[in-house]
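Residue numbers (my numbering), protein chains in the order written: chain B, 15 to 416; chain S, 6 to 181; chain R, -18 to 387.
Check before you lean on any hint, since a few could be wrong.
Unchecked claim - With a cut-off of at most 30 Å between alpha-carbon atoms, the simulated BS3-like pairs for lysine-lysine come out as follows:
1. Lys343/B <-> Lys167/S
2. Lys78/S <-> Lys116/S
3. Lys112/B <-> Lys105/S
Because the hints were derived from the structure by calculation, they are not lab data.
Quantities reported herein were computed from a predicted structural model and do not represent experimental measurements.
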Amino acid sequence: MVQTLDEDQRIIEFDVRTDEMLVNMGPQHPSTHGVLRLVLRTDGEIVSELEPHIGYLHRCAEKIGENLTARQWIPYTDRMDYLAAMNMNLGWSLAVEKLLRYQVSEKARHLRVLIVELNRIASHLVGMGAYGLDLGTFSPFLYAFREREKILDLYEEVCGARLTYSYITVGGMTADLPPGWLQRCEAFLDQFEPIIQEYHTLLTTNAIFVKRTATIGVLSPEMAIDYGCTGPVLRGSGVDIDLRRDGESIYTAMYDGYAFEVAVMKNGHYPRDHKYPAVPKDAVLGDCWHRFFVRMLEVVQSMDLVRQSIDRYSQCKGALGEPLKLAEKLPAGDTYLETECPKGQMGFYLVTDGTPIPWRVRARSSSFSNLAVSPELCRGCLIADVPAVVGSLDVVMGEIDR
Amino acid sequence: MRGTDFISELEASIEGSLVGRDLEAVDPWLEIAADKILETCRWLKESCEIRFDGLQCITAIDWFEPDPKKASKVKWEPHTEVVYHLWSTKARASLVLKVKLPRWQGNEPGKLPELSSVVSVWRGADWHEREVFDLSGVQFNGHPDLRRILCPEDWEGYPLRKDYEMPLEYHGMRGR
Amino acid sequence: MAEFLIETIGLPTWFAWTAVAGLSAFLILNVIAGGALVFIWAERKIAARIQDRLGPTRTGGRFGWLQSLADGIKLLAKEDLMPDGADALLFRLAPYVSFCASFCAFIALPFAFDTVGQRLNVGVFFVVAVLGLEVFGVILAGYASASKWSLFGAMREAAQVVSYEVPLGMCVVVPVMLAGSMDLVTIGEKQAGWAVNWFIFHDPFTFVIFWVYCTCAIASVNRAPFDLAEAESELVAGFHTEYSGLRWSFFFMAEYGSMFLVSALAAILFLGGWNGPVPVSELLGFSDGVAATAPFALRFIGCMNLFLKATAGVLLMMWIRWTLPRLRIDQVMTTCLKYCTPIAAAMFLGVMLWQLFLPGGLVPGSFRAAAGVREGWLEQSYRKESAEDESLSLKKLSRHISEVSR
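The shape of chain B in the complex, shown without the other chains:
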């Protein structure tokens, strides 16, 4: 399975070879995004083999799900991808609604789009800032957090929480928006839009940043699909899949009527790339730079979607609708639904036996599959490239270990 040093073409050859050394990167390490442990087999600065060890944040969420009703499990989904908890709530709620064949009101639909897309911006901001941190620049991290803080303030008004929201729930939302919230949200978007250029200056087009990310960790489309990579990691390799457009009907119906273009390189161009920095000469499709750039484009895309949903939501007449009962009886059966979360496709599998409490709950996490490809990407790179590659996969340990 694992190729030896001599076989792999990507490994830089040196005349002098020293003894190999095993190094533990993590679980306490500044750049492993939580409690990830990477065991590196190194020859000097060159990493010949990398092996991720996970499970340090395993909280038995699936087992807990077998003892709670569907709505009671919502707070546990919050703690999976805690940077995009709204998306997790939505994924689980939709899966349960799919089993119940339940459709939320039109107003709730637009509100959901508004909320999850705003959350996508927040998640990508953290991803971007933390990536800068991985490459040794601290300032973009705080610039990103400054803006994310404003999104969290908006969320705090909506549901009282800043990280684990439990706002979207089975059958709708726990509450409607407070008065004046939409204006504040629009004000935020207006203020945020020009700032994206700042991020491009600091990171995307920065010469050192390009040198550190271009041609590093190239993930071919075939390998990405083979490993089940999803989300920006897959789109960074040029595979045109976005579940908001290609997913199951219950999910795509949510985005019905919304205009957006999937952030993926087609014929050597990104959508609307005239507005944003050109792809550097060194960058190869599927490398760290492209994965990063796809995230940056998705921030803009999500902003667009938020604006559209604000319009639609405010035009919606009628009530938001009440969510389902806390212990709603679930019909016997099973269903699986994947949604497009910021980190990738998050799937929830639900098996029921006719009681309100599911028989089996399964969360298929995107970061789990995305991280699984890291040994392939890091083979033969330098130690400094390991944070660059793992950072570009943008993994969240809460989601991997569940």
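Got chain B; can you put chains S and R on it based on the hints?
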């Protein structure tokens, strides 16, 4: 899952692979014989017209009722079910495969049920199979590196089985 | 000053020299320690401002100006930890080696035309050489910590510093060539007068080589984007991963000391040293140039000039650190071997040819008039020194060079 033509093709290509189906369910599924799973998966990925080139998820469900009062009422026999969720990039379609396994190989408690690994078909199956092995106790034959992934390596038992009991103590830490 | 103690007060010679040396050492130590306090505070404030934050605001009343002192007290009170597998002696020794190297280099650094710990006629050589010794402390720390991350940090540091010594040396040789002396005081004095006399403006080649020097200096003191030895996102904290408390703070002080030192060196070599952009003292009439008559205020202004320029250099380093991502080790080496060294070599050649064909430079004579006003003082002190030990061949050589260039 769009189109059902490939199902008859599958039946013709690999005899005895398809042992059950439910095309009316919320997620239509096919039941595959346990000894044909690797063959079937390879066929679905390489020969089928809708190339199922992605593996989304592998799940094991433990159908077992530990409570003897309730156990007498359930309609199913205790068994372990392994569910594969496949995805086709070309057709943007998904497919559900189910495999029924005994809870213990030869009903001998402690002997894990065995199934062929599909890592040779989709490399992404590696970690998923390790997780199923770790939490539900299914032995995947032919897996390159079948170790526990979420639990510590010296952990005992398979937490997602219904009759699992948390250990009282683990390395001096209180469990319950 | 030693002569004053011996001749006027009548102290024994050995005692007088020891007292003077002790006083100088004390003053320099204060420059480093005090400077480190100020710079750490400044770095916090600057980083904060760059990052849209406030930084320390409370300690010491306004602006958090006592923050560094509070940190220092915290570091003193911290438990002093050493890993089990560490080499106890080397582990303890390493921070002092680092700090001493940084400290010793200050001895030969003039703060104003005669405010110098020990004036050396090979001052440039001494400063660069001793500064290079700092790497020993880092390697010792990395080796003795018994940690793989520390070892990686130490290896990187060794590779990086040794490589960057080469272009750094070439950059430093250029002002030496222009001044005709390796004496830092002479080099500084040669740039007296208007700002156009500064070596950075001497010719286009020196202007380029100044920036090469800046790059190499940042690399040789391990500041971002060349801070690979302590790259926190890769090597946890690099060579000082296992250090805590006061020992760690010695590394920190050494780093800030070196930062200040290379900036001061840049100021002396290229930016006119203690000479302001406008020759105020000459315009005011203090032009007889004898050290004894130069008022204390002049020295003070000279010191301030140098501090100002060096601080500007340090602030520039901070600005760069909080803006740029870190380079990778191979890219750091590429920068050194493929860019800095060839450019420095070419510029060195350029300056040489320029001196050969255009020795007067492009600067109009009227601006040069003020140059060399304190030459008299220089000559005088030279004569005195050379009478003491005429046998030193290096000194002869430097005098020879200075005569030739004149």
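So, going through the hints one by one against the coordinates:
1. Lys343/B <-> Lys167/S: holds (21 Å)
2. Lys78/S <-> Lys116/S: Holds, at about 27 Å.
3. Lys112/B <-> Lys105/S: holds (25 Å)
The structure agrees with every numbered hint stated previously.
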